[in-house]
Every structure is written in C-alpha cells, then in structure tokens.
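Enquirer: Chain A is already provided as a structure; the job is to place chain B on it using the hints.
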Amino acid sequence: MKNLLKIFLIGILISACDGGIQPGMEEPGFSGTIYFIGEWPDSVKRTHIVLFKEPLLDTSDFSAENLQYVSNEIPYGVREYKYTTLNNSLFGVIKPGEYGYLAVAQSTLETISLKREDWTIAGLYYNPGDSTKPGRLIIPENTFLRNINIVCDFNHPPVQPPGGK
Amino acid sequence: MKTGMKILFIFLFALPVVAYAQKGSINGKVTDKNGEPLIGVNILLENTNIGTATDAEGKFILKSIPYGKYNLIASMIGYKKFTKKIELNKKIISLNIVLYETTISFDEVVVTAGKHSQKISDLPVSAAVISPYFISKKNFIKMDDVLRYAPGVNVILDQVSIRGSSGYSRGAGTRVLVAIDGIPAFTGDTGEIIWELVPISDLNRVEIIKGAASSLYGSSAIGGVINIITKDIPTKPVTMIKSQLGIYDKPFHKEWDWSDKYRTFNNFTISHSNKFGNLGIAVSLTRYEDMSYRMNDWQNRYSGYFKGLYKFSGSSSLSFMATGFYRDKATFDYWKNSREALIPSQNQIGNIVHSERFLFGSIFKNKFTNRFNLTVKSSLYRSFWKDKSESSNFSGSNQYRIEGITNYKVTGKLFLVSGGELNYGTVNSNIFGDRNSTAFAFYSQAEYKLSGHLKLSAGARFDYNKLHNLSPEFSLSPKLGANYKLNPSTILRANIGKGFRAPTLAETFTSTITSGIKVKPNPELKSETNYNFEIGINKNIGRNINLDLALFNNEFYDMIEPAIDITDGQVTFNNLTRARITGAEIVSQFDFPEINFTSTVNYTFLLTKDLNKNKPLKYRPKHTANISAEYSPASFTFGLDFRYWSRVEEIDMELVDLGLVPNGDERVPVYVLDLRAGYNFFSLGFPANLFLTANNVLNYNYVEMIGNISPIRNISLNLELIF
Numbered sequence: 001m002k003n004l005l006k007i008f009l010i011g012i013l014i015s016a017c018d019g020g021i022q023p024g025m026e027e028p029g030f031s032g033t034i035y036f037i038g039e040w041p042d043s044v045k046r047t048h049i050v051l052f053k054e055p056l057l058d059t060s061d062f063s064a065e066n067l068q069y070v071s072n073e074i075p076y077g078v079r080e081y082k083y084t085t086l087n088n089s090l091f092g093v094i095k096p097g098e099y100g101y102l103a104v105a106q107s108t109l110e111t112i113s114l115k116r117e118d119w120t121i122a123g124l125y126y127n128p129g130d131s132t133k134p135g136r137l138i139i140p141e142n143t144f145l146r147n148i149n150i151v152c153d154f155n156h157p158p159v160q161p162p163g164g165k
Numbered sequence: 001m002k003t004g005m006k007i008l009f010i011f012l013f014a015l016p017v018v019a020y021a022q023k024g025s026i027n028g029k030v031t032d033k034n035g036e037p038l039i040g041v042n043i044l045l046e047n048t049n050i051g052t053a054t055d056a057e058g059k060f061i062l063k064s065i066p067y068g069k070y071n072l073i074a075s076m077i078g079y080k081k082f083t084k085k086i087e088l089n090k091k092i093i094s095l096n097i098v099l100y101e102t103t104i105s106f107d108e109v110v111v112t113a114g115k116h117s118q119k120i121s122d123l124p125v126s127a128a129v130i131s132p133y134f135i136s137k138k139n140f141i142k143m144d145d146v147l148r149y150a151p152g153v154n155v156i157l158d159q160v161s162i163r164g165s166s167g168y169s170r171g172a173g174t175r176v177l178v179a180i181d182g183i184p185a186f187t188g189d190t191g192e193i194i195w196e197l198v199p200i201s202d203l204n205r206v207e208i209i210k211g212a213a214s215s216l217y218g219s220s221a222i223g224g225v226i227n228i229i230t231k232d233i234p235t236k237p238v239t240m241i242k243s244q245l246g247i248y249d250k251p252f253h254k255e256w257d258w259s260d261k262y263r264t265f266n267n268f269t270i271s272h273s274n275k276f277g278n279l280g281i282a283v284s285l286t287r288y289e290d291m292s293y294r295m296n297d298w299q300n301r302y303s304g305y306f307k308g309l310y311k312f313s314g315s316s317s318l319s320f321m322a323t324g325f326y327r328d329k330a331t332f333d334y335w336k337n338s339r340e341a342l343i344p345s346q347n348q349i350g351n352i353v354h355s356e357r358f359l360f361g362s363i364f365k366n367k368f369t370n371r372f373n374l375t376v377k378s379s380l381y382r383s384f385w386k387d388k389s390e391s392s393n394f395s396g397s398n399q400y401r402i403e404g405i406t407n408y409k410v411t412g413k414l415f416l417v418s419g420g421e422l423n424y425g426t427v428n429s430n431i432f433g434d435r436n437s438t439a440f441a442f443y444s445q446a447e448y449k450l451s452g453h454l455k456l457s458a459g460a461r462f463d464y465n466k467l468h469n470l471s472p473e474f475s476l477s478p479k480l481g482a483n484y485k486l487n488p489s490t491i492l493r494a495n496i497g498k499g500f501r502a503p504t505l506a507e508t509f510t511s512t513i514t515s516g517i518k519v520k521p522n523p524e525l526k527s528e529t530n531y532n533f534e535i536g537i538n539k540n541i542g543r544n545i546n547l548d549l550a551l552f553n554n555e556f557y558d559m560i561e562p563a564i565d566i567t568d569g570q571v572t573f574n575n576l577t578r579a580r581i582t583g584a585e586i587v588s589q590f591d592f593p594e595i596n597f598t599s600t601v602n603y604t605f606l607l608t609k610d611l612n613k614n615k616p617l618k619y620r621p622k623h624t625a626n627i628s629a630e631y632s633p634a635s636f637t638f639g640l641d642f643r644y645w646s647r648v649e650e651i652d653m654e655l656v657d658l659g660l661v662p663n664g665d666e667r668v669p670v671y672v673l674d675l676r677a678g679y680n681f682f683s684l685g686f687p688a689n690l691f692l693t694a695n696n697v698l699n700y701n702y703v704e705m706i707g708n709i710s711p712i713r714n715i716s717l718n719l720e721l722i723f
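In order, the protein sequence lines correspond to chains A and B. When the first sequence is numbered by the working numbering, its final residue is 165 and no position is left out of the sequence of numbers. When the second sequence is numbered by the working numbering, its final residue is 723 and no position is left out of the sequence of numbers.
Extracted from the complex, chain A is given alone in its bound form (with noise of 0.2 Å):
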C-alpha cells in the first residue's frame, strides 16, 4: 500500500510539475486614439473600427469574408477616443498578419448591416508620411502594435470606397 502511494504521488508530482496553464504570449492585436474633427452628423447611429483583409477595391470587398474585425461602439460626440482591440470585439479576433484596410466606419441604422451602403467611412488609417491611399497594417506574431491612430475629420472625409450611397 505505501509503495502504491508513492508512485501515486510520484505521477501527480510528475503530471503538475509544469504549473498548468501558462501565461500566454503577447496576444496580437493594436491600439490607438481615434481623432474626431468638426460636428459628428446628426444621422449617426453608430460608430465602430473596422478591419478587413483586403483592400476595399470593389462593392464585393465589403463582405463578411474580407471583414476581420469590427471593435465595440465608439461612443456618439466623442473628441478623442483611446481604444484597443483586446477584450473590444463586437465580431473577430486578430490574428498575426497583413491587413489592406483599416478604418473608422459610421452607420445611419440602428442596427449592424454588412451592406455597403449602409456605411461612411470617417476616418481612414494611413502608413507613416503616405496618406494618398489605404495603410496596410501588419502584425507580426506575438506582438501587439502601439499608437495605431486616426484622424476623422467630418469636414474633409476619406475617399470612400466603391458601393457607398
């Protein structure tokens, strides 16, 4: 019986000796402040950050295939908006990778829609020193990307997209 004993402690010493659950890495995602400039417009029902595999190129593009990621509702009127995308998903998770569109996306509807037209673009994420069309956004594994910012300037919006109303 003690030699049984033993070995039965022996084999849970054995099986728990690595602590269980680790803390994990660096989870993936980005973070930022989002801009916002002049009079949010009055039709505005919601406001959220969007991001999608692919450049938005076409009416096709804005699909729930190319969309990766749509963050909780940014507040109405704010000026200024701190945001991360850890524990701030209202659909998706981010994953290590390259992204063609990253952007600040206003609806006149109460409700989510993935129709195109449906939507404004307000605000667009540029790569350093090239604000003449979309930033690619690239997270590598394991690392969490800082000062990911947008300016939404309600006076002077991004070229939109194709599809919109």
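Derived by calculation from the structure, the hints in this document are not laboratory data. Please read all numbers here as calculations on a predicted model, not as lab measurements. Mixed in with the good hints there might be a few duds.
Stated by the list, open to error - Partial list, computed: chain B residues near chain A (C-beta under 10 Å): (1) Lys250; (2) His253; (3) Asn337; (4) Gln346; (5) Pro521; (6) Pro523; (7) Val670; (8) Tyr671.
We put the beta carbon where it would ideally sit given N, CA and C, even for glycine.
Expert: For chain B alone, kept in the frame of chain A given last:
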C-alpha cells in the same frame, strides 16, 4: 393564498393523535471505540417516528415512549449501524452504545431521496452519500466545493453536473435537482442552485442519486438528485462555534501577481440547538469574507439558518426551516487574457452584485398507521439580486411550492410512494420581464419484493408546466427499476426511465447584455427530454473492500443549450442538440479499521456526443478520478484528496472566436492535490476539533470554465468548539 394557508394549518393541527398509555424513557450515551462521545448520532426506534440525536456529550434521551417492544437503531455516517431489541417495561432504560468506524458502508446507509427511507443497498440506481465529517475535515465553506469530491459529479464554477448531464449555462437552469430535506431549492427566475443557502455546518448527510429521477421529482431532476439532509435536533443544548481563517498563496507565475499583499478569507459560525418539551430548535449565524485570489472577485456574506421541530406525538410532527443570506460579490466573468489571468477585463472592474436569497419550508409528518403515513412539504423561495453597476440589472422572484407525499405499505411485499405537487412562481426583473410560471404534478411509484432477493420498482409522474402566457407543456416520466441480491456480498441493479426538464423563465425570456455578450429571448423554447438506462453491480470483498461498477447510457432530445445566433451575434437558448452520454463508473472503498486507514478511489468515464454536430458536448471531461486516503491514529487525522479531470474537449469557442474571452481556449487537464490534518481534543477533556487544510498544494493552474483560473494554493485553519 391566505385562505389556503389557514386551511393547511387547520389540517395540520387537527391531525395529531394523542395516545394515553404507560410511558417510559430510554436514555444513554454513544461513544466511539476510544470512549470519545459521538455528537449528532441518529437514534431511532424502528417503525416509529420516535427519534433524536446525541448532544455534545454523546448523550440522548427519548421521552414519553409507550411501553412495548422496539428496535433501537443508532446510526451515523462513517460508523457501523448499531441495532438493539428493547422491551420498555419500566420508567427508564439506560444504554451505553459504542459505534465502530467504517467507511461509508454500502449496506447500512439509509437514503431518503426516493421520498421514503431506504437502504442504499436496496436502490435500483447508483447513489452516494457524503458525511458531514468529511465537510468539517476539509474546511469546506460552500456546498459545491464538497460535491467536487463526489464520484461522478462535476462542478463547473458553481453549476453541478452528474455524469455529464450539464455543461455550463451561465446560471440558467440546472439538470440536477437540489433539495434541502426534500424541499427543492432552485430560484424562480433562473432556476439555478444557490449553494450558499445550504447550512453547511448543520448537515447530517448529503445524498446523491445519479441518473434521471424525473419519475419522482419532475423537471430539473433529469440528471439526478442531490438531497441535503439537515441535522436532527439533539436532546440537550449544544452550542458550536466554528472559526476558520485561510490565506491564498502567491500565484505560481509572477506575471499573475497583481496584489502586493496576501489575500485572505475567513468564516465564522455560531450555532445553537435546544429542546423545550416537544419543541426543538436549531439556529446558526455565519459571516463569510473572501478577498479572493483574483481582482474584483471579493465577497462578503451574512447568512442565517433556523430549524424548528414540534412533535405533537410519537407519530406526528411539524418542522419549519428557514435559511438565507445577504451577499455583496464583485463580478469576475472572464480574465483579461492569459497574461493577466487573475484580472478581469476592464469593463468588469467595479461591478458588484448584491443578492438576498431566502428559503422557507415546513414539513408536516403524520403516521396514521404502521402502514400509512403522510408528509406535506410547503416552501417559499424568495430571491432578489441587483447589479450595482452601469447595467443596474435586477431580478426578484418568489417560488411557492406545496407537495403531499404518502407512503403506504400495502402488504409485506408491496410499498407505494405517491404524491402531488403544485408550484407557482412570480418574477419581476428588467431582463426577464414581469413573468409568472405555474406547474403541477402527480406521481406514484410501487416497490415490490418479488422474493427475498429481488425487488422491482415501477413508477411514473405526470407534469404540467406553463411559463407566463406561453402554451402549457405536458410530460409523462415513467421509470422501471430492479435490485437483485445475488448473494450476501453481491447486489445487481438496473433501471430504465424517461426524464424531462422544462425551460426556465430565464432561458425563455432573458434579454440583456453581460460582459459584452448580448442575450436575447426565445419564446419558442420547449422542454428537453432524455431516456436513460443503467446497470450496476456492488460487491463486498471481504470485510474491508467494497466495489461498485455502473454502466449507463443517456439519450437526450431537444437539449437546451446556449448558442450564438450567427445572423446577429447574440446568444440565445435553443433546443439545439440531440445528444448521447454513455459511460462507466467505478467506486471503490477500502476500510482497514485495524490500522486506522480508509480510502476511496473513484473513476468515471464519459463518452459524450452532440449527434447533430458529431462532436463531444461542451465542458464534459472524458475521464474523471477522485482519490482520498485517510489515516486516523488515536485523536489525529491525516488525509489527502486528489482530483483529476482530463482536458475538456469542447468549450464555448464562439466566445473565443469573437474575441470576448481572449486566450479562452487555454485549458489543461486538472490535477488538484489537497492535504489535511486534524486533531480531536475531546480525549483531553476539551470539546474542540482543529483542522488544517492545504488545498491545491501543487499550486496548479487550471480552468473549469474558460477564462476563469480556479483557486490557487490556499491554506486554512478551522477550529470547532462544541459545548
């Protein structure tokens, strides 16, 4: 309702039968083999309602007993039953009784979960009994922690599952019916079990019936029944003070060390019981504070328990029970991520839930003849909780219940249990709405001794359930069982039956947002059903070993599970799943009193399948094992308890994929080792017990529910003074 109560009271008080005959008393003292007094031993005159329990000195007295011949039984879980034939023909008979320790002897333990007293060895289903001494020795504070050590029982956070019947449904509904002294204890809104209501310091035993018991208990008993039996009231005054102090160790990983100080918990209980003539009372008050090992997870609780028993005569009694608590508890739904596993996400910080829960119950028993008795149980479960956060969600519910149970020994071979039950519930809540529910049921079960060895049982229950303004549902739950004593050391058993569970108001009508998850109602939700089958064998090997093997199969239809609606990302409860749970369970007990050593080794194998998705069911470990060993030289006790779960195969991956629980798929097998030691000071003439417990001594990090690290290593000291 008031008129109904008046009628009931007139009925109750009109029934007592007063007997005028010569009467005497039986008194005595019960000790263990070392001469130490045993407290709380049940003393019963067989085939009567006359009984009591021993006091702090192990003494008892049975008064006003009509002269006659009796079988006196002294029993206590963990000790061999004592039986003695007595002829009471003088004023006083005195007895000195010695009980000898044993592990839970399969043949001797009596359970009442079948709505009448039965030997566990006569049941056609698998059952287990937990003694209150195990609870004291392990310094348990909450009932669900106790159940984690029972064979075939899994607890995920605070939701209990017997043989894989349940996964985790965020408090909504239960597939195990929990009752206190046979009175069901689930809330009227969510239908959940609130374990803090259980007066853990005032327990006689915990009975666990495995497999669907809907044929007697109806909805919620689809996976089994846990019947918590409170202590009998001793003949002499007993006061107990129980003080417990515990401390959590630092986390295994430095990255998780969020607090600059050690976190502590403490529990203080004072209880007293006394008898005044035919009236016995027991009362206890408890204060519990837990800083928790996690941020925003603390709680403060004040709870109370009262039990009163009035014996009109040797055959008629009325008992009243009230248990309840006030609690403030911070909210920790999910971790921030696995790097900060002991910290909740930002939106949970500062959230507190205040809750007030009370269960009032009365039990009237009358033995009309030696063959026929009636029990009437009535109860009110009043529940209220409120979020002290931005959401300000709240819910208040009242669940009224009355049940009449008759036990009728038709012949020496045929025994009938029959009854009827009426439930009415009201809910006032901003997330469930203002709702009501109505249910009634009738049931009957016959047990027939075909020969000295074979006992058959057959029964059925009809249930009517109506939720608010929805269409009512009807259910018929039949069951057949057999128990065959192959030889003095071998018992075979088998049962087959149907179970059902009606959806709760919460599952049907919830509309809320919690931790970023939107939950929407589903008025189309209907009852789930199952067909279950079990065969088992129990064998004593010599005097020291008892083995029990069970094989079981459960076929679930329209299983209610929460799921995410992909069209809008909202969670709703649906009749989603056609599921199958097949398994085997081995329970072994080793008892070597000559070397003061006892041990139990249990293993449960579960093969669960969602037949629609062809995947295992969520939160059901395939392999579960518990090992306990105890060495008790003289007044010392040393023990170890080990729990093992294999890594859970399926979890709520939707919550992980949607980013609501970062790193939520992190999970491992469970290895939890606890050590304990105790000393009984009674042999030194000091009425105290001291228990030291170290839980999760390996400081192993695991989750039962995604994003929730289970308690890290903690040590507690428990001092019990009994006088």
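Enquirer: Hint by hint, note whether the structure agrees.
Expert: Quick rundown of the hints versus the structure:
1. For lysine 250/B, the suggested interface contact is broken, since its CB lies about 13 Å from the closest CB of chain A, more than 10 Å.
2. For histidine 253/B, the shortest C-beta to C-beta distance to chain A is roughly 5 Å, which falls under 10 Å, so the interface hint holds.
3. For asparagine 337/B, the interface hint holds, since its Cβ comes within 10 Å of a Cβ in chain A; the closest pair sits about 6 Å apart.
4. For glutamine 346/B, the shortest C-beta to C-beta distance to chain A is roughly 6 Å, which falls under 10 Å, so the interface hint holds.
5. Look at proline 521/B: its Cβ only gets to about 17 Å from chain A, farther than 10 Å, so that hint breaks.
6. Because the beta carbon of proline 523/B sits about 20 Å from the nearest beta carbon in chain A, more than 10 Å, this interface hint is broken.
7. Hint status for valine 670/B relative to chain A: holds, with the closest Cβ pair at about 8 Å, below 10 Å.
8. For tyrosine 671/B, the interface hint holds, since its Cβ comes within 10 Å of a Cβ in chain A; the closest pair sits about 4 Å apart.
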